[in-house]
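Q: One-letter residues, chain by chain:
Number of protein chains: 4
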Amino acid sequence: MPLRFLTAGESHGPVELVIVEGLPAGLPLDADDINPDLARRQGLNATGKPYPGASPRMKLERDEARVLSGVMAGMTIGAPVAIQVDNNDHDKWKGKAVAPMTIPRPGHADLTGALKYGHRDLRMSLERASARETTARVAAGATARKLLGAFGVRVGSYVTQIGTVRADLSGLPLDARLTAAGESEVQCPDPESSAAMVVHIQEAMRGRDTLGGVFEVVALGVPPGLGSHVHWDRRLTGRLAQAMLSIHAMKGVEIGDAFENAGRPGTQVQDAIYKDPAGTLTRNTNRSGGLEGGITTGEPIVLRVAMKPIATTLTPIDSVDLVSGEPRPIEYERSDFCPVPRAGVIGEAMACLVLADALIEKLGGDSLAEMLQRFEALRRARLSDFDLDNTPTVFWP
Amino acid sequence: MPLRFLTAGESHGPVELVIVEGLPAGLPLDADDINPDLARRQGLNATGKPYPGASPRMKLERDEARVLSGVMAGMTIGAPVAIQVDNNDHDKWKGKAVAPMTIPRPGHADLTGALKYGHRDLRMSLERASARETTARVAAGATARKLLGAFGVRVGSYVTQIGTVRADLSGLPLDARLTAAGESEVQCPDPESSAAMVVHIQEAMRGRDTLGGVFEVVALGVPPGLGSHVHWDRRLTGRLAQAMLSIHAMKGVEIGDAFENAGRPGTQVQDAIYKDPAGTLTRNTNRSGGLEGGITTGEPIVLRVAMKPIATTLTPIDSVDLVSGEPRPIEYERSDFCPVPRAGVIGEAMACLVLADALIEKLGGDSLAEMLQRFEALRRARLSDFDLDNTPTVFWP
Amino acid sequence: MPLRFLTAGESHGPVELVIVEGLPAGLPLDADDINPDLARRQGLNATGKPYPGASPRMKLERDEARVLSGVMAGMTIGAPVAIQVDNNDHDKWKGKAVAPMTIPRPGHADLTGALKYGHRDLRMSLERASARETTARVAAGATARKLLGAFGVRVGSYVTQIGTVRADLSGLPLDARLTAAGESEVQCPDPESSAAMVVHIQEAMRGRDTLGGVFEVVALGVPPGLGSHVHWDRRLTGRLAQAMLSIHAMKGVEIGDAFENAGRPGTQVQDAIYKDPAGTLTRNTNRSGGLEGGITTGEPIVLRVAMKPIATTLTPIDSVDLVSGEPRPIEYERSDFCPVPRAGVIGEAMACLVLADALIEKLGGDSLAEMLQRFEALRRARLSDFDLDNTPTVFWP
Amino acid sequence: MPLRFLTAGESHGPVELVIVEGLPAGLPLDADDINPDLARRQGLNATGKPYPGASPRMKLERDEARVLSGVMAGMTIGAPVAIQVDNNDHDKWKGKAVAPMTIPRPGHADLTGALKYGHRDLRMSLERASARETTARVAAGATARKLLGAFGVRVGSYVTQIGTVRADLSGLPLDARLTAAGESEVQCPDPESSAAMVVHIQEAMRGRDTLGGVFEVVALGVPPGLGSHVHWDRRLTGRLAQAMLSIHAMKGVEIGDAFENAGRPGTQVQDAIYKDPAGTLTRNTNRSGGLEGGITTGEPIVLRVAMKPIATTLTPIDSVDLVSGEPRPIEYERSDFCPVPRAGVIGEAMACLVLADALIEKLGGDSLAEMLQRFEALRRARLSDFDLDNTPTVFWP
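Residue numbers (our numbering), protein chains in the order written: chain V, 1 to 397; chain R, 1 to 397; chain Z, 1 to 397; chain H, 1 to 397.
Among these hints, one or two may not hold up.
Which copy? The list can't say, so a pair holds if one copy fits it or any two copies do.
As the list claims (entries may be wrong) - DSS-like cross-link-like pairs, simulated, lysine-lysine; straight-line CA separation at most 30 Å:
#, residue 1, residue 2
1, K146, K275
2, K96, K275
3, K96, K146
4, K146, K94
5, K94, K275
6, K92, K275
FYI, nobody ran anything at the bench for these hints, they're computed from the structure.
Between the sequences and the hints, there should be enough to build the whole structure, so can you do that?
A: See below:
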């Protein structure tokens, strides 16, 4: 696929890094396009205050992106864009002797990573497995978001569930959900649910436990025709699903109301096609979540993602010391109580990367000017595409 | 990734085809390894009878695989394996003039495919978008299944929900679920639910409607250490999710009980680690669905997939004739009323391909003998891996 | 990269097959677009007569392509295109018991393939390693050639050396070389050299030896701007080189006069830039072979490829019987004496595939109509691209 | 392919960067493994003195690698390895307003890059197109070299031709060539030729011209069985060729004596197979350059690469000012007169990356310990692999 990226960095190593290869030339880009998303990932809401239940680490450091390559005079040049974020916490670890970690925490990559790579000290698993890595993804995603923005595509997210508190957002338009989420301490568009979620998190903290939840990533203004039905790995449905479940702690994803739709009859699950007065084909519903046959319909893409609660709890969980072979409870490593409000922006980043990739596939991607010109031609072409006559055809002679 | 495949074929074209590249040499393989899965995909259950609500097409044709390459003297030789299945239905279409299809069916790729590729006759979308393509995937999956079998990995599936009928399988071991599903008309392990599902399908047929549902794909005997946490696209969680949602009509996927776990406290979602009398690390639970940090734990992998109801209903759905521009209901194209019982084997096929890919990554994949020898070494190595001493280490000098 | 293909088939298996994924929709395509290249690959020149020194196998079978998918009503639909060619020779091998081949032929994959894949019978190496596989590549290449043709790109080849006979083609335009090659028994544009080559081949046959040689693949009408300098694996220079040396028996490749240019001073190796009366930038030379910085210049691409002589000679070469461990000369397997005249079309096919891939990258590749429209915009845009003013810029603030 | 990398950085931007993804865990690695190759790339020979004809830039800066990720306690952890090298020259460019460059230099990507990406200032092409990018490749290559070293594979290079001076190295073993090259001012193993080359470069400098040449990259101790014949893009021959011609200014490559072998009869081009007293299969020659059927034979790999002279000459070359449209000679940009002695290490780096990739494919690549154990098993297995009996087989029933 045309847009690719590699991330690098350990949780307490010197930096988080990403190289994004395949961005077109001519896209205005600088650190200010990236830093707001980094702040959101750190759990700072619109007021600059941290979310309840966030790790104290966010107080230590404010992530700042440095664009190291691929941009000249404020614009991309078609070359790989490298972005670096310092790990301020690194200084505390530099030169410090650390006793080996030998009690694997269930739910993390501690044990599975060590088995795979032959690590003897579990920190060699967890340093890379840490969700700190998503810093680099969010930085990469911000470049993709900037590209999508030039085509009128807007990607946002909001929280619908934390622990047992579920928000009912029915009737609230997607646009309004994004706005309202920005005003919530926990990114939930419904003020009542939002307040209940805050209380629920505080209870979990007192109970020395953690909470997961559900968030939705939506993409507005997506043109029809991205992705494809012609081969399994071109289907955008699958590519978006991989992107979501490639994120730490994400274990479930649905496009639109997939699990509910599975229980409905077929006549209530499709989006009927109509023609508006201007002659444009439209839908009055978006049950498909914006994708038919692995291709965007032009309606908003709606992804719902299930995040499990953080595996590291103040309440000890049973494990085994790999040195002594004795049963031992896990030892606490500093972490969030409920990172769900911070997770949406990571989902957005991954969705942006997949959508930008598909957009470049559709338009070719050497320069923004070229892409915009072609995009305009697509917009114009729509209505006249179907000047079919009714002559029968022999498909297979 | 080391194992790759391309499928080809249209629904009414002469053949469905797949080339699988990257299988090791020395794997016994012939059509008999593939045909049973093809029969299951066609909706024939263990008794050879079609599932209720299946398309009449399955009566027309019994899919038969022909292995065209990559196998000599009954064994793979490391070369690409091509498998071909004839479309018996093709004869009816050969040489026949067909009036253009101009009314897009909501929920299919009819319109999105045509917009993307500039088709004027919607059949040029739907011929390739048809789920007939999964024939080729099931054939490919059967080769991967054969490889996995040599390492003791077994992949199966069962239905848990059809329309509004949900089966409660709690307490039933995975193994027993697979066995019981084979005896159900609709692949559901619970006899009572199974009977209710049959009734529900018959109601839907009478109501000129269709039904979706939920099935689970499970992989037993998977070794720990497949996949990786080190990069987003190596995480098996995401790769499996893509594989599932790359299948026609699949819109949701969860690993284990992801959406339920999102509502539980962290202390109830992890799988504590214990040591059994033989000194092996074990888990008493499998809430993770077999994956921690994007890596297999050695516990069964459990994937739950939501399938939407078939979009083509006998009850007309609103659409627009693209030639006249007038509102027109969709025209019926022959199809299933409820393909959920047939879908599981497709999910299995895709899971097999992803797992075989990850296994080859782990072991290298030139010959089965080499892989087996390395696999044996892995098994032996487990226990002695962690002879750590407790010397503190400076990670970053 | 957007255009990908997998080939399958053994030399004496039932078929050669290829699936080409990524061709745009709307490209007229049928077997007649493919068969002429297959005939050329079989060593039939314009008069339909086999080249001197060709294997008797070509008399046995005339390759015929069958397009099995991806084409409806004579046009591609954006779906994978599968092409099958029967191995007529297969009937002789079907059901026949064959004694194991145990004496590896130096210069073939007999031994290296067996070591890698653990084969015990060397035929399991050579069946797939045979150049018969290039049938599938030539079929794939013909689809790419058809696409390139729609943009005015023409790819051909000619022989410049067979054994010790070198043709001097200096002064002969590329166009004329292609025409003249078509009239030569050995694809050499210079009639005198051509005659000498025929004699040289006859001598080699009498001497129970084989001959290699050199051919050139040229692409005319290639637009500027294909490939890229921004990343190593986007550079067209390398991609073309891989394509050429991925062909059986090809061991050297140069772009333009690379090895001669290595001995010339810099002032004599570049292609100065001029402006013609119409205001278009032009070059009077093409020392670069059509590529600067890994990107096409718009001048013809010229690739020179060195082919080693066929490793199977009637004169025995020393080897070892792997069963007995005793020294044994190789046993003769039917093959060409000098396949160089047949090899050019394979080089063309691979060049076509790389160039079509790069063209789709540049233009996006969903439909031919879309690509042509964008191509036209590119052509128009060239001259006005450089309306620079002379304001100094701060690249790195 | 399992080992992948992305480079980033502009010639005068702040840094050169590379992320290498796919290295096994447990490989000792630090900057000292990388810096010697960086010094060689900068044109510093064993005595620390710059080569004759090198750019003055090398006096400005001594490249120093910083390993930013993927290494803990001195060993790789399986995670992506990021390496950064500062561009000391950047300080001079930071904040400086630069007049646009509007006269494209023939032979560079100035014009082709600008056409492709729509740049208006040619510096936006050349900053990324500069061979400064090879710094990042050499750093990546050094990590691959470290891995190969653990398996006894050694990769080196030497110069055989500069301008018109060709060294005759016949009779000199590869090992001795590498040693002697290290003692030459221009990396040429033959002292007499070396001296002549120095004189030739000085003449070119006085003549305000530049020189190209030819170098050879050799890999010693490569195990048999890397690469494959089963698919075009697995053939190591092509992968190595791409790697070489992906390097700036490299336009020709041959494996072994490909172009000479093209003129020899088949009986003189193969490497006969013998058995040594220990029972091991051996070759007395290496005409194949270490590759048969796209697979390594176990003999040294020998790659010969043609480099064109630097396109930027003090003697002006004709071009056109893109602003005025007037003919203008190129303006000089500081560069080498003859970078051939510096180029070999870049070729080595790319060869190391391809070979390490192929080694990981063969062995799997999670940890060095696992790889070494499997490698040992391969070594032991060789001789007993071929305990064939002579029972005839039916390949195709």
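Q: For each hint, tell me whether it holds in the structure or not.
A: Going down the list of hints, with the structure as the test:
1. Neither within a single protomer nor between protomers do K146 and K275 lie at most 30 Å apart by alpha-carbon distance, with minima of 32 Å and 38 Å respectively.
2. In this assembly of identical chains, K96 and K275 lie within 30 Å of each other by CA distance neither inside one copy nor across copies; the values are 68 Å within and 32 Å between.
3. Taking the shortest alpha-carbon separations for K96 and K146, only the inter-copy value of 27 Å comes in at or below 30 Å, while the best intra-copy value is 40 Å.
4. Taking CA atoms no more than 30 Å apart as the test, K146 paired with K94 passes between copies only; the shortest distance there is 25 Å, against 35 Å inside one copy.
5. In the homo-oligomer, the alpha carbons of K94 and K275 never lie at most 30 Å apart, since the shortest distance is 64 Å inside one protomer and 35 Å across protomers.
6. Taking the shortest Cα distances, K92 and K275 never come within 30 Å of each other, neither inside one copy (63 Å) nor across copies (35 Å).
In summary, the numbered hints that this structure violates are 1, 2, 5 and 6.
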